[in-house]
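These are the residues of each chain, in order.
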Amino acid sequence: RKEVEQDPGPFNVPEGATVAFNCTYSNSASQSFFWYRQDCRKEPKLLMSVYSSGNEDGRFTAQLNRASQYISLLIRDSKLSDSATYLCVVTRGGSYIPTFGRGTSLIVHP
Amino acid sequence: ETGVTQSPTHLIKTRGQQVTLRCSSQSGHNTVSWYQQALGQGPQFIFQYYREEENGRGNFPPRFSGLQFPNYSSELNVNALELDDSALYLCASSLGGGAPDTQYFGPGTRLTVL
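These protein sequence lines are chains A and B, in that order. Take the first sequence: its position 8, counted from the start at 1, is 13 in the working numbering, and no numbers get skipped. Take the second sequence: its position 89, counted from the start at 1, is 352 in the working numbering, and no numbers get skipped.
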């Protein structure tokens with residue numbers, strides 16, 4: 006089983022839709038969690054960190070469920086510019102070494 | 264623009280050859296991490312350099328080696344290239360250890376091994 010797993014998609018949604026991605030992790034010692042965004046043929050960029058209490062940044066909401074070992078990303082009111090690959094990142098306790106998921110592709114169409 | 268630059272942008276090599284990729288970190292950053300991203304996959308951590316010393320290594324064979332210079336720029340060297348080494352190689356710079364939320368990625372070098 007991979008340490009970090011994501012549904013590769015693609016998720017194909019119309020503008021204005023709400024879409025949610027999940028990411029599961031296998032190591033219960035995992036400590037820090039993040040969502041990155043990667044546009045086609047570009048470098049990854051940090052979208053948001055994921056805190057135990059959940060956090061929101063505009064149209065984006067991230068949640069962590071330690072008991073079930075998954076994190077989620079909710080995007081409300083999708084824009085065409087949200088089309089990208091969303092990468093889940095997990096680090097183990099006591100280490101900054103990140104493990105990336107393979108990413109979930111989102112396509113927002115008019 | 265993150266201020267992290269990589270060279271070259273693209274590279275084509277043949278099996279068995281050696282390659283050196285370069286990364287200039289953002290001003291003031293003393294940590295560089297290298298990643299390999301195969302097509303359709305997420306980046307995989309190769310190693311990290313902090314103040315010229317290796318500070319963590321992923322599951323890559325010894326033919327992947329690196330170096331960090333006093334100005335904190337870095338090189339990734341890959342010997343005896345294999346077809347599976349074809350990938351986008353990303354470097355990321357940060358200050359003091361490189362937690363994922365402090366890293367800034369460069370645009371990458373796309374390596375093709377024939």
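Keep in mind that the hints are not guaranteed to be accurate.
Claimed, not checked - Pairwise CB distance ranges, derived in the manner of DEER restraints:
| id | chain 1 | residue 1 | chain 2 | residue 2 | range |
| --- | --- | --- | --- | --- | --- |
| 1 | A | K47 | B | L274 | 36 to 44 Å |
| 2 | A | G63 | B | G359 | 27 to 35 Å |
| 3 | A | K7 | B | E317 | 36 to 44 Å |
| 4 | B | R326 | A | L79 | 28 to 36 Å |
| 5 | A | D62 | B | G359 | 40 to 48 Å |
| 6 | B | G279 | A | G21 | 46 to 54 Å |
| 7 | A | N32 | B | A301 | 18 to 26 Å |
| 8 | A | P115 | B | N334 | 41 to 49 Å |
| 9 | B | Q304 | A | D82 | 27 to 35 Å |
| 10 | A | E8 | B | G359 | 37 to 45 Å |
| 11 | B | K276 | A | N60 | 41 to 49 Å |
| 12 | A | E10 | B | H273 | 28 to 36 Å |
Unchecked claim - Below, computed lysine-lysine pairings styled on DSBU-like, alpha-carbon distance capped at 35 Å:
| id | chain 1 | residue 1 | chain 2 | residue 2 |
| --- | --- | --- | --- | --- |
| 13 | B | K276 | A | K84 |
| 14 | B | K276 | A | K7 |
| 15 | A | K7 | A | K50 |
| 16 | A | K50 | A | K84 |
| 17 | A | K84 | A | K7 |
| 18 | A | K50 | B | K276 |
To be clear, the hints were calculated from the coordinates, so they are not data collected in a lab. Using N, Cα and C, we set each Cβ at its ideal position, and we do this for glycine too.
Evaluation of the provided hints:
no. : hint                        : verdict
1   : A:K47 x B:L274: 36 to 44 Å  : 18 Å, violated
2   : A:G63 x B:G359: 27 to 35 Å  : 29 Å, holds
3   : A:K7 x B:E317: 36 to 44 Å   : 25 Å, violated
4   : B:R326 x A:L79: 28 to 36 Å  : 42 Å, violated
5   : A:D62 x B:G359: 40 to 48 Å  : 25 Å, violated
6   : B:G279 x A:G21: 46 to 54 Å  : 53 Å, holds
7   : A:N32 x B:A301: 18 to 26 Å  : 22 Å, holds
8   : A:P115 x B:N334: 41 to 49 Å : 47 Å, holds
9   : B:Q304 x A:D82: 27 to 35 Å  : 30 Å, holds
10  : A:E8 x B:G359: 37 to 45 Å   : 25 Å, violated
11  : B:K276 x A:N60: 41 to 49 Å  : 43 Å, holds
12  : A:E10 x B:H273: 28 to 36 Å  : 31 Å, holds
13  : B:K276 x A:K84              : 40 Å, violated
14  : B:K276 x A:K7               : 30 Å, holds
15  : A:K7 x A:K50                : 23 Å, holds
16  : A:K50 x A:K84               : 18 Å, holds
17  : A:K84 x A:K7                : 31 Å, holds
18  : A:K50 x B:K276              : 28 Å, holds
Hint violations for this structure: numbers 1, 3, 4, 5, 10 and 13, all remaining hints satisfied.
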